[in-house]
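Chains as they are written, first to last, in the numbering used here: chain A, 1 to 331; chain B, 1 to 331.
Just so you know, the hints here were simulated from the structure itself, not pulled from any lab data. Any given hint could turn out to be false.
[Claimed, not checked] If you anchor each label on the Cβ, the simulated ranges turn out as follows:
#1 A:A268 with B:A87: 24 to 34 Å
#2 B:A273 with A:R111: 19 to 29 Å
#3 A:D277 with B:Q45: 39 to 49 Å
#4 B:E171 with A:N280: 35 to 45 Å
For glycine and all other residues, C-beta sits at the position ideal for the given N, C-alpha and C.
There are 2 protein chains.
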Amino acid sequence: MKETPIAIIGLGLIGGSLGLALGTADPKESPFGRARIIGYDANKQAMRTARGRLAIDEEAPSAAEAAGRAAIVIIATPVQAVREVMAEIAPHLHQGALVIDTASTKAQVMRWARELLPRTASFVGGHPMAGSEQSGIDAASIDLFKDAIYCLCPDPQARSEAVDTAQALVETIGAKPYYLDPEEHDAYVAGISHLPFLLSTALVEMTSRSPGWVEMQALAATGFRDVSRLASGDPTMHRDICLTNGPAITRWINDTIRFLVEVREAIAEQNTAALDDLFNHARQVREAWLQRTPHQRPGEPGPTPGREDLGPTIGQLFMGRMASRRRREEK
Amino acid sequence: MKETPIAIIGLGLIGGSLGLALGTADPKESPFGRARIIGYDANKQAMRTARGRLAIDEEAPSAAEAAGRAAIVIIATPVQAVREVMAEIAPHLHQGALVIDTASTKAQVMRWARELLPRTASFVGGHPMAGSEQSGIDAASIDLFKDAIYCLCPDPQARSEAVDTAQALVETIGAKPYYLDPEEHDAYVAGISHLPFLLSTALVEMTSRSPGWVEMQALAATGFRDVSRLASGDPTMHRDICLTNGPAITRWINDTIRFLVEVREAIAEQNTAALDDLFNHARQVREAWLQRTPHQRPGEPGPTPGREDLGPTIGQLFMGRMASRRRREEK
Chain A
1 MKETPIAIIG LGLIGGSLGL ALGTADPKES PFGRARIIGY DANKQAMRTA RGRLAIDEEA
61 PSAAEAAGRA AIVIIATPVQ AVREVMAEIA PHLHQGALVI DTASTKAQVM RWARELLPRT
121 ASFVGGHPMA GSEQSGIDAA SIDLFKDAIY CLCPDPQARS EAVDTAQALV ETIGAKPYYL
181 DPEEHDAYVA GISHLPFLLS TALVEMTSRS PGWVEMQALA ATGFRDVSRL ASGDPTMHRD
241 ICLTNGPAIT RWINDTIRFL VEVREAIAEQ NTAALDDLFN HARQVREAWL QRTPHQRPGE
301 PGPTPGREDL GPTIGQLFMG RMASRRRREE K
Chain B
1 MKETPIAIIG LGLIGGSLGL ALGTADPKES PFGRARIIGY DANKQAMRTA RGRLAIDEEA
61 PSAAEAAGRA AIVIIATPVQ AVREVMAEIA PHLHQGALVI DTASTKAQVM RWARELLPRT
121 ASFVGGHPMA GSEQSGIDAA SIDLFKDAIY CLCPDPQARS EAVDTAQALV ETIGAKPYYL
181 DPEEHDAYVA GISHLPFLLS TALVEMTSRS PGWVEMQALA ATGFRDVSRL ASGDPTMHRD
241 ICLTNGPAIT RWINDTIRFL VEVREAIAEQ NTAALDDLFN HARQVREAWL QRTPHQRPGE
301 PGPTPGREDL GPTIGQLFMG RMASRRRREE K
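Bound-form chain A, shown alone:
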């Protein structure tokens, strides 16, 4: 049976979950046949745990060594570390190797790839729209990517077969490939992913810095819990995202400040109509989003009944979109 050696560098929540999902894919169904997962993490304990959990088949002594043994190299470290990993593995990549990453920002990573990786390898930027406020190999799960959107940004120099391989990888772990430009990606995720973790962090920081926090925290309930959830995310990941997606995040911060000033004025004027419009609009938008977009985690209750009646599912929209994206890429 065909065997494909796949290196995963960085064995945290994402790297570990990738290993679990790839390692357990049915070799008869998978385009990779049996995936042989070579893992590396600078943290030896994480690497041992990944092995113990069967997220990887073998431990490599270095990122370079892992890359040198593989046809596909997945870099699943925090963003800032991607650069040094690329520099380290570059001389060891096989002719025709596919390199893919999982970082939350893409434009910076794509520039590093062009600068550091050899022309003989193909780079496809990747970003799974799935995660958890928990981090590390212990939080890894086999179905983290199930039905999640997986953003793909192929380097313009990437070979067509390498892009196909990246897409097959995404499909093998149960995710949906979604092609877009790195700059588009970074602007969009700044709004729907980075702004949310900043607002979560703002909520926790503002309330906990207040002299009333000791008493206040006892009153905080499920609303506080959910809005603050992302403040429990990996601090290094959050820091790196801010450092590599500064301009897009700054635009959203400015928008948020403008919005808060707007609300403050409506309150000062006791402007009932403006507040009514605001909260009604936000509710409508969110309800429409909930109906259209997959947002369930594995094991959570399914979509509300009647969803089928709402026209094409987001999955169908994606498929159409993806095909057109692919065609554009292939021109």
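With the hints as your guide, set chain B onto chain A.
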């Protein structure tokens, strides 16, 4: 067997859940014996549904009529409507009646009670720290208040027995009474409840007003879903909270703007250390809060193992605190 007639005015999520919880309490265990629930809602359909769901035993033709039949009157309308309900029921209240509300802000409500209710009745402001982004009688549930904190702000003129009755009511529905001053209450909940729904709303409004929303919304996943959850809450409730707790909310808005400016500067300076500190601190604070405070909904997975080892539970802390609060009130 003893029977206590209890009026619930306003049969939405909160009023309906109160009716369900009171109506099904074991009459042999309850200090009220058999609770007879008289319901009123301006929306006749909601009232019929409440009856059909057994959240109430009888429908009253008006708030005044409901109050005239009861020993305990619960006002469970949005904040702004509390005032007119008080004016309407005032002439119909029995000698010695307890009036309690459920509104999210307390100082304004306490002023209305002093202005409008007769001295022969006792008012205790109330606010259950439980809810859902769903609203209306259909979302009502029998265990909404189970283990939730229930803030109580007795009017200084309220009779001691009336305060005892309010506390018994809270305990009967499975919640934990928590005494505090109305101004304290409003300042605290502005931070842990009102600021969260404003941030949820800000997230939805900012992203959905953006030209990229059509594409962006497809990428939004569980992080966006949770941080935006409260934007699906009742718009009238949100509006009324802004109108009746303006100064406290404005202070939190100003704090948030200052915080966002701080983050924007750290990003502009690429200040790795400042961003590290920020995200690490927020995570630590939230994890400590999760360990200490009940924040599970009925049916959700229980607390993480090992929680028992963390010293006195928040419940024990509350009990001590509550006793001391009670003593202070009784002086």
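Okay, the hints, checked on the actual structure:
A C-beta distance of roughly 27 Å is found between A268 (chain A) and A87 (chain B), which places it inside the suggested range of 24 to 34 Å. Between A273 (chain B) and R111 (chain A) the beta carbons are some 25 Å apart, a value that agrees with the proposed interval 19 to 29 Å. Take D277 (chain A) and Q45 (chain B): their Cβ atoms lie about 25 Å apart, and the range 39 to 49 Å is violated. Checked against the given bound of 35 to 45 Å, the beta carbons of E171 (chain B) and N280 (chain A), roughly 37 Å apart, stay inside it.
Figure legend: structure checked against the earlier numbered hints; the only hint not met is number 3.
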